[in-house]
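If you follow the hints, you should be able to join the two separate chains into one complex; please do so.
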Amino acid sequence: MQQPEPNLLLIEDDPAVARLVTIEMRHAGFTVAHQPTGRAGLTEAAQGQYDAVILDLTLPDIDGLEVCRALRALSDIPILMLTARGSLPERVEGLDAGADDYLVKPFAPAELVARLRALLRRSGHQGEHERAQAVLDVGQLHVDTLRWEVSFQGELLSLTRREFELLRCLALNQETVLTRDMLLERVWGFHYGGQSNIVDVYIGYLRQKLTAVGAPKLIETVRGVGYRLRAQDDHGVAEAQAE
Amino acid sequence: MSTAPTPASELRERRLGSLSRRLATQAGLATAGMVIGASLLVSIFTAIHQYTTVSANALSTAQLVLDTLSPGGPTSATVQAVKHDVLRSDPQVWIYRNGQVVLQSTNTGSRVPTGARNGISLADGFPYVRVDLTHQNLAVVLDYPLASAISLVEDLLLGIATIGLAAAVGGGAFGYVAARRMLKPVEALTEAAMELRRSPAGAKLPELSDPQDEIGRLGRVLNNLISDLDLQRQRDRMLLAEAAHQLRTPLQIMQGNAALLAEGTLDAQEAQESLSAMQQALAGMTGLTNDLLTLESARTRRPEPEPLALGPWLEGLREDAQALAPQLKVTLLPPSAQTVRVDVQILTRAYWALLENALHYTPAGGRVTLGASLLPDAVEIYVRDTGPGIDKDELPFVTERFFRGRHGRGMKGTGLGLPIAKALAESLQATLALRSAPGSGTTATIRLPRDA
Chain A
0 MQQPEPNLLL IEDDPAVARL VTIEMRHAGF TVAHQPTGRA GLTEAAQGQY
50 DAVILDLTLP DIDGLEVCRA LRALSDIPIL MLTARGSLPE RVEGLDAGAD
100 DYLVKPFAPA ELVARLRALL RRSGHQGEHE RAQAVLDVGQ LHVDTLRWEV
150 SFQGELLSLT RREFELLRCL ALNQETVLTR DMLLERVWGF HYGGQSNIVD
200 VYIGYLRQKL TAVGAPKLIE TVRGVGYRLR AQDDHGVAEA QAE
Chain B
0 MSTAPTPASE LRERRLGSLS RRLATQAGLA TAGMVIGASL LVSIFTAIHQ
50 YTTVSANALS TAQLVLDTLS PGGPTSATVQ AVKHDVLRSD PQVWIYRNGQ
100 VVLQSTNTGS RVPTGARNGI SLADGFPYVR VDLTHQNLAV VLDYPLASAI
150 SLVEDLLLGI ATIGLAAAVG GGAFGYVAAR RMLKPVEALT EAAMELRRSP
200 AGAKLPELSD PQDEIGRLGR VLNNLISDLD LQRQRDRMLL AEAAHQLRTP
250 LQIMQGNAAL LAEGTLDAQE AQESLSAMQQ ALAGMTGLTN DLLTLESART
300 RRPEPEPLAL GPWLEGLRED AQALAPQLKV TLLPPSAQTV RVDVQILTRA
350 YWALLENALH YTPAGGRVTL GASLLPDAVE IYVRDTGPGI DKDELPFVTE
400 RFFRGRHGRG MKGTGLGLPI AKALAESLQA TLALRSAPGS GTTATIRLPR
450 DA
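So the protein sequences, as listed, match chains A and B.
Its first residue numbered 0, the first sequence is counted upward by one per residue in numbering that gives the first Met the number 0.
Its first residue numbered 0, the second sequence is counted upward by one per residue in numbering that gives the first Met the number 0.
Think of the hints as simulated: they come from the structure by calculation, not from any bench.
There could be a bad hint or two in this list.
[Stated by the list, open to error] 20 Å max Cα-Cα, derived EDC-like pairs, lysine to aspartate or glutamate:
id : chain 1 : residue 1 : chain 2 : residue 2
1  : A       : Lys-216   : A       : Glu-174
2  : A       : Lys-208   : A       : Glu-219
3  : A       : Lys-104   : B       : Glu-295
4  : A       : Lys-208   : B       : Glu-318
5  : A       : Lys-104   : A       : Asp-62
6  : A       : Lys-208   : A       : Glu-154
7  : A       : Lys-208   : A       : Glu-164
8  : B       : Lys-328   : A       : Glu-162
9  : A       : Lys-208   : A       : Glu-162
The following block holds chain B by itself, in its conformation from the complex (with noise of 0.2 Å):
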């Protein structure tokens, strides 16, 4: 699990990279979108602009006919003069004088004006703006073509195009370029991660950008999070070493005496004592691997709380602390409180423990105390001895796995007593808290919280 080899499909997603091709499509778009929508409004009001422009001079340059002619009617002198001024250039000018076409702009050709009187109409394929004055019996129709605004709005919209297409490539370029550089730690910190994974326990990954910021913080959590799990692993290594080596004794036992029953020389007085020396062997190891168990259970099991009357429950534990060591003084102080919701096995092998404990550390003619208490939020339930206590310096420890202080060396047990406590009081929500005094005793206590 620790040490797998990277697989091919790992490599082949760093070497894709998503993530910044999707950045830089989304830049590049957003950057043509923004320079293509700007440039669509500056064409659209160049477009009105120049419709208005187009109307205004058609709408003069017909008035300028009409003024011109209107005094006596076209004469040969104002027709000069219409000829002069308009006619030359680009609007296509009919006038009429009672209804009838008296003179025409050669533009025009032989057409002649139908349509709409005013606005912009087609003719022939082009567009244009068409005026229609009228004064007494004359009028004026005039065409202004719309075909040089509409090819200034054209070369716009192809500029337009280019443009548009231009910043899409350098927004896409500039935003690829960004996420790359954003996205380089990110690289640089999956890299560590996969080197990680083939190191050996203890690795971690390097500091990649600035602390502070967001993926300098991200490093930071995944390096709390690989010193939690590098914990957990030592401690479930070690236990797993040391249960493995607290079972060599006994093998060495079992080992022994079958290859010794095997021979076949042994008296029966003999063979006996190998039997029950292989006997108390497997009770030891049964007993171990029960202890462990226990431990995983206290991890996996989901408590199913009942309600539990304190009192009774206290004096059958108390009597049976007492049936088995005789030699102390084992005493009930009246419970305050009067019943929990818990579930009662794991409280019952948890605080079991802690008697247990007790028991074995006081010596003959002392006193074990037992009760339980009422806080506002919590149900207090300890036990109390008149032991040898625990040393400051070992406190923090005895609740680790097979530790064994200096009062404890030579005893029987697994060294998995207090440990199992712990766990299965955690297990409830509770806490394990020991309070000792080398000389004064130790207090236990399993700090039950109300309604938990």
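Isolated chain A (complex conformation) (with noise of 0.2 Å):
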């Protein structure tokens, strides 16, 4: 993966979140130019050469909505929009103004950098092809979107609708970590609240799943994040050689 580190603006006043921000978009490999308000976040986003921008909802000078509006107007660049405001009506206006994805503070960093690599994969046109895709192919896993099945190499899976889904969001964004909450937002389409693993639980049983055909490594846990779907299962790919 040798590839140019992504460029992100962020247009955020706290300099608190900023900090934050920044040092662990520098950890996770971003560079990070930041700007304290819309105008001037606006200007660069302009004259600059960015891959993302991650936005502040509330700036002291213009709304964050409005200077979504007007990125959006400008190029069609991701946008995250961050903010502190997080009922459904307000998430709905984010994405209306043409934000790509939304956070509500507080979030865990990792959360940040999931969803902006998920975001820059996206918008590079492999993602675009892949999401058209109604068959699925990673490494040994095949899952058809259209007959509702999925095989490890040619070996049927029963899955419930729930898992099924599951499976697919993963597999849609393979190689992507995908995170608990970008997860429940993709497959159940709302948050239960509460403190519920619903998640965690329903990965358990693919993966008990999956192991009974002989792929117990596909999902792979990322440690405080979440998860990834892998084409390169160094047990399947063994046995596939042994076959």
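And the structure:
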């Protein structure tokens, strides 16, 4: 993965949050430029070469939604919105204004990194292509989204609806880490609230079923972040070669 | 907000008493108007009556002159009689024979009657009633002065003006006094309300008048309103206090572990433990914050209804519940209701809170049943468990924020699950019903009105 470091623009007025995000992004291998106001952020976005924008919703000069619309009018650069207000109408408003994703404070830094990676990946042409595919192949794993069938090395898996949708979501974003929140949003479509570990429970069931067909390490746990579906399952590859 | 000092403007307002002044003015004007109107009517009738009387007098006098003169024309005897009977008095008389004035009363001076032959005329600025009678070659013109009648009416008008003014003053005074008397309880109410603003919660307005009259009713309604607001305020305060209280423990964990980490004396293993303790504390605080925000959003958020197919929706929830609680048997009774129009996000959040409760409290091997039934006017979506049930004395309180029953002691969770379910259900115009008997489990039902 010797790609140039993705170049991020952070528009955020709170210096403490800005510092935290900047440090975390640098550790994750991004370069970050920071602007504390909407005006300065817009100017910078228009002039610089950025791969994605992290935009705070409450800025001292211009409303974050306005900045988002202006950015969207300028280009189709991925925009991730940060906000302290997380109710559904505000989410919808943010997405309507052209944001690609929406993160509510307080968030874990790893959540932000995972979402940015997913955004950057999706904005690349490769991601777009995969989204449209009805049949997904991840190594030896075959996911047919039209016939709702999953097989590993030709062997069919019997999955419940949620299990299938979870696996399909992971397959769509193969090699990308998806956080629990991202999976909840994409598979369940709503937050149940509370502190339920429902994603972990389903991942457990999926793993059991994958292990039963000889693919125990397909779903990787990324500690403190989430899950990733990997094509290069060492174990599975070894078995495939042996056949 | 609760103990703001009475602003100066409010005090000034109290002195103005504009309502009593307005009432006084209106009463004064009304009284005066009535008196003046009645008096004017009397004056008009008096004037008409005076005119009729004067005219009749004039006519009879003229007839008398003519009758006296007629038999032999104006002879010295008849003239003497006319002079004696008529000409000494007020009317001015001219007697014509063959169109020539043969006699005129002394009070006419050199004046010759001109103008209209009958009716009211003016001569030298004095109004009079003129009568003109003719008999053969004799004619009598008689001007009967109206001055006395007019002065009578004038006197009457002056009297009226005086009485009207007196009536205005009297009426005003009466109005003012009456208004003051009537408004006295209102003013007392105002005073009491101002006093209330400075007093602590729980104070009430005193009973200021007959509780059955209009102002008594106003006072009672205000007192009810105050009670409601007080209750709401108390609940909000308790919520705030309890929330702050619940934050203390995780904050303590954060503070203590941060201090330990800052000292830099922990070994790698200990540091890791401190960090994960901090993360757990953070998760708890985040959960509490989210629950509080959800409660608040239930008050403010407007539902956005959309069609929801109950069967697949419940099946998804059943699957999730079963996945989370493999030690239980989670089943779905085939719902008799097909679709509802409802805000799916809100309904899911509310129903999940009930489901989570059932999963929480039902011991291993127990059964949790999901279902929905169609009623004539509502759809009931329920979750039934075989848990310990809720004791009768606790049933009314389990939807109170942060309430924890006997069976819930020591369980994790924020204590906001059922209150959230209740608040969210109510935001959908639905009701939440809990039926329970100790030992036989609980049924929690969201009753959603149809076409709501």
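Here is how each hint holds up against the structure:
no., hint, verdict
1, A:Lys-216 to A:Glu-174, "13 Å, holds"
2, A:Lys-208 to A:Glu-219, "15 Å, holds"
3, A:Lys-104 to B:Glu-295, "17 Å, holds"
4, A:Lys-208 to B:Glu-318, "16 Å, holds"
5, A:Lys-104 to A:Asp-62, "17 Å, holds"
6, A:Lys-208 to A:Glu-154, "11 Å, holds"
7, A:Lys-208 to A:Glu-164, "15 Å, holds"
8, B:Lys-328 to A:Glu-162, "19 Å, holds"
9, A:Lys-208 to A:Glu-162, "10 Å, holds"
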